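J.: Sequence:
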Amino acid sequence: MVTTIYRNATIFTADDAGTPGTPGTPGAPGAQAEAFAVSAGRFTHVGGLEQVREQARAGVAADGDEVLEVDLGGRFVGPGIIDSHTHLTTFGEAVGKVQLRDCRTLEEIRQRLLAAHRADPRTPRILGAGWLFDAVGDEHPTAAMLDEVLPDVPVYLDANDLHSVWVNTAALEEMGIDAHSPDPVGGRIARDAEGRATGMLYETAGRQYARNFLERITTPEDQVRFLELAFAAYLESGVTTVTDMAMNRADVAAIRALVARDGGLPFPVTAHMIIEPGEDTAADLAGIEEIVALQQEIAVGPEADWFRIAGVKFIMDGVIDACTATMRAPYADGTNCDPIWTAERLRPVAHAADEAGLQIAMHAIGDRTSEIALDLLEDCAMRRHPRRHRVEHLETVTEETIGRMARLGVTASMQPVHCDPAIMDNWKAVLGDHRSEEGFPWKMVRDAGVAITLGTDAPTAPHEALPNLYIALTGGSAMSPELPPYHPERAFTPEEALTALTAGGAWAGEMEHLRGRIRPGLEANFLVLDADPRREAPEALLSTQVHSTYVQGVQRHRR
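Residue numbers (the UniProt record's numbering): 1 to 559.
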């Protein structure tokens, strides 16, 4: 067996031996080292170079094993990034869609779709992703807007936040949506005065009509290909573990097929299975039972070393951009929106998940929704189960709710890329008052002592780790750096952000005993950068590329 010593690097361990299990707190000044040793996919020794050499050589002397040394050229080394909120297959699929995030007008969107059709006129449908509401203008998106350029080819366009789908008339016909198609629980088909669908599918309507239809015509081979694209893109970004926040059975089947084919995955995956309101509470409870059965099946199968079902995901509301997040006070236009899961409907389902040992993750963007989420998690806590539940996004949240999160030990899972100033004009406009300047209260969450993890929510936002880190450090825009930052006084220090991206993700995913820090005994997952985020100006991150990415001691990516 070979032991490899990595040296001549600036090493950030995200570790403070005096306070294990305290993610979300800054990496202590001593959370650095000169060298570390790796053997059999694990860190074995971390510390000063001579100390690591002595320990490594002593450890292999009796067996006659080999010790190698790798000079990292003075580069920065940190634990591998853990993207604690992503959607793997959807992200991989989005890589092949028409990219619309940078389109600033309706005409730009239409011309890009038209160009895609001209490039491949035989494609049966056009799939796009990433469009922004404010690019369309003051009007709501309609099928007629797309019909003007593509009247005969079905068009399906995922909104940037993945909570709405914009389609043309051909797609409505293909899906069989007409004036008699019912709105699903927690969703809405946009209609005209006569009840005819006008082209927008909000929340669960987008998932249950458009996405379910597209999944039915997607092959298992397609699903595996989507996963491969996502894994490759993440490794290039320095990511060595992810938590998928809305897996379904087709996603699980693709993961299992990849493990069966290759004997493992490019890096470990933790999953939360998505569950949406069914016909009634009995159906919801049956869904929990199915997830538990699948979790237990995976835990004893060949996938167990690489894949784990940790819990369940409840999407409790929508998004601010579409005015579908549930707010304490109405939006600027006087509207508001009911939660997708009411407290009464969700309470028995959350209790069942908690009783079964599932970690609960709740999508809560509106400030009212996060209050409901904490009410339910407090109910679970009173049942005396030591779970590590979490709330996702928290774009608007009251100080009182943050304090309750700290008292209950609930993790705050947030995504800096969601407040890139380049995409916030509509977000601020629909709120229209003081709330538009009170979003994403990172500092308030830190000061309250809430455990924090940072992710990207790809493909609703760019997946790259370094631009995400840049926004966390500055409040500025990775897409348009010339824009003024959004409340930079709330930003993270480099140590805080790096810890939240690594050890924080491990804590949130209940895997801190396996990964997330450069510490003896943990998996040797680490990245190598040319720039040191703690010492160089944050702007350097926008042009820095990941030099190399290691998973369990194996180099999986090299620039």
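In case anyone wonders, no lab produced these hints; they're calculated from the structure. There may be inaccurate statements among the hints.
[Said to hold, decoys possible] Listed next, the in silico SDA-like pairs over lysine to any residue satisfying Cα-Cα at most 25 angstroms (straight line):
(1) Lys443 x Ala406
(2) Lys443 x Pro538
(3) Lys443 x Glu378
All of these numbers come straight from a predicted model, not from anything done at the bench.
J.: None of the hints should be skipped; say for each whether it holds.
T.: Consistency of the hints with the structure:
In summary, the hint linking Lys443 to Ala406 is supported, as the alpha carbons are separated by about 13 angstroms, within the 25 angstroms threshold. Simply put, Lys443 and Pro538 have alpha-carbon atoms about 18 angstroms apart, close enough for the 25 angstroms limit, and the pair holds. For the proposed pair Lys443 and Glu378, the alpha carbon gap of about 23 angstroms is at most 25 angstroms, so the pair holds.
Consistency with the previously given hints is maintained throughout, with no hint failing.
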